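We have chain A already, so just place chain B on it with the hints.
The chain contents come next:
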Amino acid sequence: MMSLLSVILLTVVQFFTGFGVLGFFRLKIKPGLYISLSILMGIAIFSFIPFLLQLVKLPLTSLNIFLSLLATCVWLNVNIKKNWQQFMQGIRSGNTKLRMYEWPVLLCLLFIVAISVWRCFYLPPTPRDLTSGAEVIAEYATREKTMINSVFTVNLESTNNQYKPPFITSLQIIYKYAGFPFGQIWLSSIFICLLVFMYHGLTRYLHRSIAGILLIIFVAVPEMYAYTFMALFDYSNAVFFFLSFYFLIGYFKKRKPGYMALAGVLMGIATYIRSETLILAGLACPLLLVYHLRQKDSFSRIMISGCWMIAPSVILYLVTITLYFNLYLPVNYDVQGLLNTDLANLRPLWERFKAMHTHLILSKEGFYAYIFYFFALVLIADLAVSFRMNRDSRNWLFAVLLVYFGMPVLGYLLPLLDIDHSTKRGLFRIFPLMIMYMGTSTVLRCLSLKITNWEQRSELTVRAG
Amino acid sequence: MLKKHLILTLATLLFLTAFFLLPHNRTWAEKLLGYGRDLPGQIKAMSKESRLSKRFGNDYTYSKSIAENMRKNGQQHALLLMPPSSYFTNAGMKYHVPEPAVFYYFTGIKTVWAVSKEAINAELYIHVRDGQLLIARGNNKAALQDSITVFKKLGYTL
Chain A
128 MMSLLSVILL TVVQFFTGFG VLGFFRLKIK PGLYISLSIL MGIAIFSFIP FLLQLVKLPL
188 TSLNIFLSLL ATCVWLNVNI KKNWQQFMQG IRSGNTKLRM YEWPVLLCLL FIVAISVWRC
248 FYLPPTPRDL TSGAEVIAEY ATREKTMINS VFTVNLESTN NQYKPPFITS LQIIYKYAGF
308 PFGQIWLSSI FICLLVFMYH GLTRYLHRSI AGILLIIFVA VPEMYAYTFM ALFDYSNAVF
368 FFLSFYFLIG YFKKRKPGYM ALAGVLMGIA TYIRSETLIL AGLACPLLLV YHLRQKDSFS
428 RIMISGCWMI APSVILYLVT ITLYFNLYLP VNYDVQGLLN TDLANLRPLW ERFKAMHTHL
488 ILSKEGFYAY IFYFFALVLI ADLAVSFRMN RDSRNWLFAV LLVYFGMPVL GYLLPLLDID
548 HSTKRGLFRI FPLMIMYMGT STVLRCLSLK ITNWEQRSEL TVRAG
Chain B
95 MLKKHLILTL ATLLFLTAFF LLPHNRTWAE KLLGYGRDLP GQIKAMSKES RLSKRFGNDY
155 TYSKSIAENM RKNGQQHALL LMPPSSYFTN AGMKYHVPEP AVFYYFTGIK TVWAVSKEAI
215 NAELYIHVRD GQLLIARGNN KAALQDSITV FKKLGYTL
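Chains A and B are the protein sequences, given in the same order. For the first sequence, the numbering used here gives the first residue as 128, with consecutive numbering after it. For the second sequence, the numbering used here gives the first residue as 95, with consecutive numbering after it.
Only chain B is shown next, with the shape it has when bound in the complex:
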């Protein structure tokens, strides 16, 4: 009986080896092993913030720093007009702008995109100068409308 079980065990092992040698399965298994190798580093970074920044990268950290700046200035309730991602790419920054719902999930700040009719109601808008993210007031409706036109031309992607 033991001998037969041993034969079946070897047969199963043989199948598993052959199975994971198939190209797509091999790639997948390597990915899994990679996930396994990430584990010690992840155990060291257990805070909610570090997990969020690890997963969402710049999308999260830039959004958070914008929100922090707004909070510092007591502007956390203001509606913020966000440029499209391509605007930041042109300015040499890697920032994929989260859509308003996701930005709200990350930061609790309400944003709007230039393609929306609500954009003109924005109280603040973001722009980049000399590689720095700046928050400008939207009081000057003409300047705000100019920014909306520029942002619209660049186009938004999800």
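Chain A extracted, bound-state conformation:
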């Protein structure tokens, strides 16, 4: 009971923290998107607090942490009145009525989510990357009130997991103090909010029955689902990476600077979670450049957009990796030494690309079940129906291809990222993007339109009668 109360309280504070942050970007999005995004943003902000306290060398006591969280929440909501009115207006005008045909998917999802939440709460973090890194550091941080604790006096020759950005360590500290011995339950909030966000994102374009089906296809990726109850960096990274693209593509449509800035901030958070995302952020820039060139925008505008896209990632990389590792951690970590120095030899790149297919995408174990096949099916149908595709699906397809080709590139640049772990989990980034591509595809939109017209025909006839 106390655990439930703690989770509710934390989620409420996270919601208002994220709500305050989103207020700065002046977004006009559906309430379902806004609520889930606020919580996600709140979780991200929470993950900075213990880290920042560590940077200023304040003891990580429960009092210091919770007071800082509350103070941040209050500080970010100085303009809450205006934001709140706008938000409530959206809620009032929103259509939240559930249709009968949404129930099968909803019940199915409830079961899948409930299992995940329970396991996330009940079981301790399992992956070795966590138990020899963020989790053990967080556990001793709660006892010794600092992230730079006795763990660093242990023989750490068998692992480099202590050299990971402090996203998970910080969240684990907060949730352990909140009464969860294994922390981790923040991951359930991320999982649920992602589903809510994606569903509302998909229903912008699709009939609810098709949106629900796409969500089931997404949730039923066994490998990715497993990481909704085993805390690790990749799932959260995939979520914020996807959100960044969502708002980047939103910016292409609406041309509002808030969308661009938010896309950059979300990419920064993704980089904070997994530092190699910085390379993917760089690879995303051509899309931005093509967009501005097409719009015949000025050079300064292109530069401003480019800065928004890259600067948060670079800043967060410098703070969480360069500064923290070199000036705070007791042992230096040579990131340079991890880079492939033989870049002229492209054979490993091809080998990695090939292995990604044979070991992962087309593997007999079915790590990703059928999502690649559904995606390919929709893509082929889409190309057959309208070869040029619509602008949204073209953008989402670019995002999909960025990860598809970007993952082998990452493995080539950083050989430490192995195929069986790093690439396998790194591919999580592609799945929400694939679903959004399908969600915006011409063929599914046409089908949705037909279903909607057919569904509403009788209603219109009755009204006319």
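It is worth saying that the hints were derived from the structure and are not from the lab. Just so it is clear, the structure is predicted and the values come from calculations on it, not from any experiment. Please note that a few of the clues may not be correct.
[Said to hold, decoys possible] Label-pair ranges, simulated between beta-carbon atoms:
#1 Pro384(A) with Ser144(B): 47 to 57 angstroms
#2 Glu162(B) with Met129(A): 25 to 35 angstroms
#3 Glu162(B) with Glu284(A): 21 to 31 angstroms
#4 Glu217(B) with Pro413(A): 53 to 63 angstroms
#5 Leu100(B) with Leu465(A): 51 to 61 angstroms
#6 Ile229(B) with Phe532(A): 47 to 57 angstroms
[Claimed, not checked] Taking lysine-lysine pairs in the BS3-like style, the calculated list, with each CA pair at most 30 angstroms apart, reads:
#7 Lys155(A) with Lys383(A)
#8 Lys157(A) with Lys224(A)
#9 Lys272(A) with Lys166(B)
#10 Lys551(A) with Lys148(B)
Heads up, the beta-carbon is just placed ideally off N, CA and C, and yes, glycines get one too.
Frame of chain A, contents of chain B only:
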């Protein structure tokens, strides 16, 4: 309208059925149902210790019992040399030795592997005799070096 909603509901149900009949999805769904069946047993075992032992099995329970023995003897601050997992397999024990960071997470005891330069500084080391885990003192550096050589030969796995 109701009739159309009913048709859409049936269509969704049909899709879901077909979807979960696909081989990989079926295996996954069976796994989920299995997780669901674990629930009543898990609710009965809510203590932190039982959850840890359930999840990590022997890796956790053996590590804990080693740590408890060390605490009983007031040796909790000593550096412990751990043999590789294959050493225990050869002795007929199922114990995958956690790496030092994980051992520390489980027990608060600092360990070292034979492949490390620090191994020679170990104050204690583990060995098995007659199926029993024994903790020996590392005062005799020659004996300790012999153990290090044997452990190194067996090789460590993560």
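Hint check results:
no. : hint                                         : in the structure
1   : Pro384(A) with Ser144(B): 47 to 57 angstroms : holds, 54 angstroms
2   : Glu162(B) with Met129(A): 25 to 35 angstroms : holds, 29 angstroms
3   : Glu162(B) with Glu284(A): 21 to 31 angstroms : holds, 26 angstroms
4   : Glu217(B) with Pro413(A): 53 to 63 angstroms : holds, 58 angstroms
5   : Leu100(B) with Leu465(A): 51 to 61 angstroms : holds, 58 angstroms
6   : Ile229(B) with Phe532(A): 47 to 57 angstroms : holds, 53 angstroms
7   : Lys155(A) with Lys383(A)                     : holds, 10 angstroms
8   : Lys157(A) with Lys224(A)                     : holds, 14 angstroms
9   : Lys272(A) with Lys166(B)                     : holds, 27 angstroms
10  : Lys551(A) with Lys148(B)                     : holds, 26 angstroms
Consistency note: the structure conflicts with none of the earlier hints.
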